[in-house]
Amino acid sequence: KQEVTQIPAALSVPEGENLVLNCSFTDSAIYNLQWFRQDPGKGLTSLLLIQSSQREQTSGRLNASLDKSSGRSTLYIAASQPGDSATYLCAVRDTGNQFYFGTGTSLTVIP
Amino acid sequence: DTAVSQTPKYLVTQMGNDKSIKCEQNLGHDTMYWYKQDSKKFLKIMFSYNNKELIINETVPNRFSPKSPDKAHLNLHINSLELGDSAVYFCASSQYIYTEAFFGQGTRLTVV
Numbered sequence: 021k022q023e024v025t026q027i028p029a030a031l032s033v034p035e036g037e038n039l040v041l042n043c044s045f046t047d048s049a050i051y052n053l054q055w056f057r058q059d060p061g062k063g064l065t066s067l068l069l070i071q072s073s074q075r076e077q078t079s080g081r082l083n084a085s086l087d088k089s090s091g092r093s094t095l096y097i098a099a100s101q102p103g104d105s106a107t108y109l110c111a112v113r114d115t116g117n118q119f120y121f122g123t124g125t126s127l128t129v130i131p
Numbered sequence: 121d122t123a124v125s126q127t128p129k130y131l132v133t134q135m136g137n138d139k140s141i142k143c144e145q146n147l148g149h150d151t152m153y154w155y156k157q158d159s160k161k162f163l164k165i166m167f168s169y170n171n172k173e174l175i176i177n178e179t180v181p182n183r184f185s186p187k188s189p190d191k192a193h194l195n196l197h198i199n200s201l202e203l204g205d206s207a208v209y210f211c212a213s214s215q216y217i218y219t220e221a222f223f224g225q226g227t228r229l230t231v232v
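Chains as they are written, first to last, in the working numbering: chain R, 21 to 131; chain F, 121 to 232.
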């Protein structure tokens, strides 16, 4: 059974700092991996999708990497801003289209 | 400018009632899904529609019936609600199946 873990559970950084969020999964037979952000009371906003055959994806200040064989993904956020404060979730999708979510990392960027 | 929106956000109802949850996406996607949150970390797929046609229908009780009046809407109708139906239900959409998924905020259904 797929287990997805995110470390750290919470992170507080000063504005402008670069940071890395970690995601690990136990079953490497995934179809793709997606990073989301969640703001209080709102749905999940998709940030990046990495297909199982890809190594990384970039969007603006965000860069996500995937090492499927070791069951790891990282989300790198450059030059953090207060508006980046949210909960970040990684989710792996299997070939049956089921989603397995991590526990999330709560990020606070201090102005 | 909400991409995927579900209504209602909360639904409390008695056993035996019939209820519907609505979902709309304004992304122009071809595929829409309904998921049931099985635990905090697992979303189990229930249905998937592509261009208003059912393409995935997992083993769910036939009391659950999806309805897609057009490509932008996928509603979930539940008949004869049972206590065990209490859960959070998520709607999602993607351009095609298995591409980037966009989720609604979820509907917390409580059956009393």
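It is worth saying that the hints were derived from the structure and are not from the lab.
There could be a bad hint or two in this list.
What the hints assert, rightly or not - Taking lysine to aspartate or glutamate pairs in the EDC-like style, the calculated list, with each CA pair at most 16 Å apart, reads: (1) K187(F) - D138(F); (2) K161(F) - E76(R); (3) K164(F) - D114(R); (4) K161(F) - D47(R); (5) K62(R) - E76(R); (6) K156(F) - E178(F); (7) K187(F) - D150(F); (8) K21(R) - D138(F); (9) K156(F) - D190(F); (10) K164(F) - E76(R); (11) K62(R) - E144(F); (12) K139(F) - D205(F); (13) K164(F) - D205(F); (14) K88(R) - E23(R); (15) K139(F) - E202(F); (16) K172(F) - D158(F); (17) K129(F) - E144(F); (18) K161(F) - E23(R); (19) K88(R) - D104(R); (20) K172(F) - E144(F); (21) K164(F) - E144(F).
As the list claims (entries may be wrong) - To spell it out: a stretch of chain R is covered by chain F in this simulated footprint if at least three of its residues, at any positions, have a beta carbon under 8 Å from a beta carbon of chain F; those stretches are: (22) 36 to 44; (23) 114 to 128.
Quick reminder that beta carbons are idealized off the backbone N, C-alpha and C, glycines included.
For this session: Below or equal to 16 Å on CA atoms is what counts here, so check K187(F) against D138(F).
Result: Between K187(F) and D138(F) the Cα gap is close to 14 Å, so the pair holds against 16 Å.
For this session: Assess, step by step, whether the Cα of K164(F) is no farther than 16 Å from the Cα of E76(R), and give holds or violated.
Result: violated (27 Å)
For this session: Can you take a look at whether the stretch 36 to 44 of chain R is actually covered by chain F? Rule is 3+ residues, C-beta closer than 8 Å.
Result: violated (count 0)
Problem set entry | Satisfaction of hint between E202(F) and K139(F), Cα-Cα up to 16 Å | With Cα atoms ~11 Å apart, K139(F) and E202(F) stay inside 16 Å; holds.
For this session: Take the C-alpha atoms of K129(F) and E144(F), compute the straight-line distance between them, and say whether it is at most 16 Å.
Result: Status holds; Cα separation ~13 Å.
Exercise. Between K156(F) and E178(F), is the straight-line Cα distance small enough, at 16 Å or below?
Worked result: holds (11 Å)
Exercise. Is K161(F) within 16 Å of E76(R), Cα to Cα?
Worked result: violated (24 Å)
Exercise. Is K164(F) within 16 Å of E144(F), Cα to Cα?
Worked result: Distance ~20 Å between K164(F) and E144(F) Cα, so the pair is violated.
For this session: Below or equal to 16 Å on CA atoms is what counts here, so check K139(F) against D205(F).
Result: It holds: about 11 Å lies between the C-alpha atoms, which stays within 16 Å.
For this session: For the pair we were handed, K156(F) and D190(F), check the Cα-Cα distance against 16 Å.
Result: Violated, at roughly 22 Å.
Exercise. Going straight from one Cα to the other, do K88(R) and E23(R) come out at no more than 16 Å?
Worked result: holds (14 Å)
Exercise. Quick one, are K172(F) and E144(F) close enough, alpha carbons at most 16 Å?
Worked result: holds (13 Å)
Violation of the numbered hints given earlier is confined to hints 2, 5, 8, 9, 10, 16, 19, 21 and 22; the remaining hints are satisfied by the structure.
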